[in-house]
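The whole structure should be built from the sequences, with the hints applied where relevant.
Letter 245 of the sequence shown, counting from 1, is numbered 245 in UniProt numbering, and no numbers are missing.
Where hints are given, some of them may not hold.
[Stated by the list, open to error] The calculated BS3-like cross-link candidates involving lysine-lysine, where the alpha carbons are at most 30 Å apart (straight line), are: (1) K127 to K142; (2) K163 to K254; (3) K254 to K97; (4) K105 to K124; (5) K254 to K65; (6) K105 to K163; (7) K130 to K163.
[Claimed, not checked] Okay, the calculated beta carbon distance ranges per label pair: (8) T66 to T126: 39 to 47 Å; (9) Q258 to P94: 20 to 28 Å; (10) S62 to N90: 37 to 45 Å; (11) K105 to I68: 15 to 23 Å; (12) E134 to S62: 40 to 48 Å.
Rather than coming from a laboratory, the hints here were simulated on the basis of the structure.
Since this is a predicted model, take the numbers as computed values, not measurements.
Ideal placement from N, C-alpha and C gives every residue a C-beta, glycine not left out.
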Amino acid sequence: MSKAMENRGVLIGSIIFVFGSFILMIGGLVYESYKAKQMRQLALSIASEAKPVAAPIAQDFSMYKTLIGDDGREMVQISEGPFVMGSRDNDSDPDEKPEHQVYLKTYFLDKHEVTQDAYDRFLKMTKRVKRKIEVFEDDPAKLLKPDYPAIAVTWDDAEAFCKWAGKRLPTEAEWEKAARGEGKRRYAWGDEFVSGYANIDGTEDGFRYLAPPGSFESGRSPYGIYDMTGNVGEWVADVYDENFYRASPYRDPKGPDQGEQRIIRGGSWRETKRNVRSSKRFQARPWRHDITVGFRCAKDVDVDTVVK
1 MSKAMENRGV LIGSIIFVFG SFILMIGGLV YESYKAKQMR QLALSIASEA
51 KPVAAPIAQD FSMYKTLIGD DGREMVQISE GPFVMGSRDN DSDPDEKPEH
101 QVYLKTYFLD KHEVTQDAYD RFLKMTKRVK RKIEVFEDDP AKLLKPDYPA
151 IAVTWDDAEA FCKWAGKRLP TEAEWEKAAR GEGKRRYAWG DEFVSGYANI
201 DGTEDGFRYL APPGSFESGR SPYGIYDMTG NVGEWVADVY DENFYRASPY
251 RDPKGPDQGE QRIIRGGSWR ETKRNVRSSK RFQARPWRHD ITVGFRCAKD
301 VDVDTVVK
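If you want it as structure tokens, here you go:
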């Protein structure tokens, strides 16, 4: 074989080698791009909470007036009138009895539970110290997100936030009327518990832990208020007395004048469906602060209140 032919063979081989390397490089880049895309999708699926499993039911709450509070959060007007408070069911607790009529004046209630973002703004502006939450599976970040409900707040913390926002904590009666309406609903939406309508213990509702307030469209109360069933238990203004319902005033009851414990309503993401009934009452020391308790605020109607 001549030297020219050898050189030609070497040249062709080099060309084939370079071309093959180029093809392999392009293939590698395409594969790496595909793999990176898959990893991004996997990361998003891990980082994102699941969504409620129940299909939303179309409801119209436009007949209820709303306003924006001093904290920039929406409130819903609950009209003056009577409702049935407490329970006569066989599975209800003694402190839920007797079932009785209560008449309330008009008031406003937050449409959503107070979020961690809103509560952190309050802490920053008032220079209050944020309470440390209890260790949660060695990963508090699972519960600490700006759009999650505020947690680890004492009764005093909740009251202070509401005052700062130009509001107040709702009374127990106000909370219950806003949760169940004028009828005798066991839950915010009706008498039967429906999986996917509220965030309670387990993952059937689409959330293992906390859910962003407003996640359960079909679980809204008769006034269009979110998360009155589950997610976080909510502080109310009243002092707790097991027998208060036996002597409760008919008009605008505010609870006993004194006592060592306060009341939490609504149940949380750690409770069973029995313990998130609208009439269920929880008692707790005012200094209690844990990962199941949050709050929302109420506001009186006055001549300066502007509604839409």
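To see whether the hints hold, each was checked on the structure:
1. A distance of roughly 25 Å separates the Cα atoms of K127 and K142; the hinted pair therefore holds under the 30 Å criterion.
2. The suggested pairing of K163 with K254 holds, with an alpha-carbon distance near 17 Å, which does not exceed 30 Å.
3. Distance check on the hinted pair: K254 and K97 sit about 17 Å apart at the alpha-carbon level, within 30 Å; holds.
4. Note on K105 and K124: the hinted pairing is violated, with a Cα-Cα distance of about 34 Å set against a maximum of 30 Å.
5. For a cut-off of 30 Å, the pair hint linking K254 to K65 stands: about 24 Å separates their Cα positions.
6. At most 30 Å may separate the alpha-carbon atoms for a hinted pair to count; K105 and K163 meet this at roughly 20 Å.
7. Distance check on the hinted pair: K130 and K163 sit about 17 Å apart at the alpha-carbon level, within 30 Å; holds.
8. For the pair T66 and T126, the beta carbons lie near 26 Å from each other, so the given range of 39 to 47 Å is not met.
9. For Q258 and P94, the Cβ-Cβ distance of about 21 Å falls inside the hinted range of 20 to 28 Å, so the restraint holds.
10. Distance hint for S62 and N90: a CB-CB separation of about 38 Å, consistent with the stated range 37 to 45 Å.
11. K105 and I68 have their C-beta atoms about 21 Å apart, which keeps the hinted 15 to 23 Å range intact.
12. Between E134 and S62 the Cβ separation comes to about 41 Å, which falls inside the hinted range of 40 to 48 Å.
In the structure shown, a violation is registered for the earlier hints numbered 4, 8, in ascending order.
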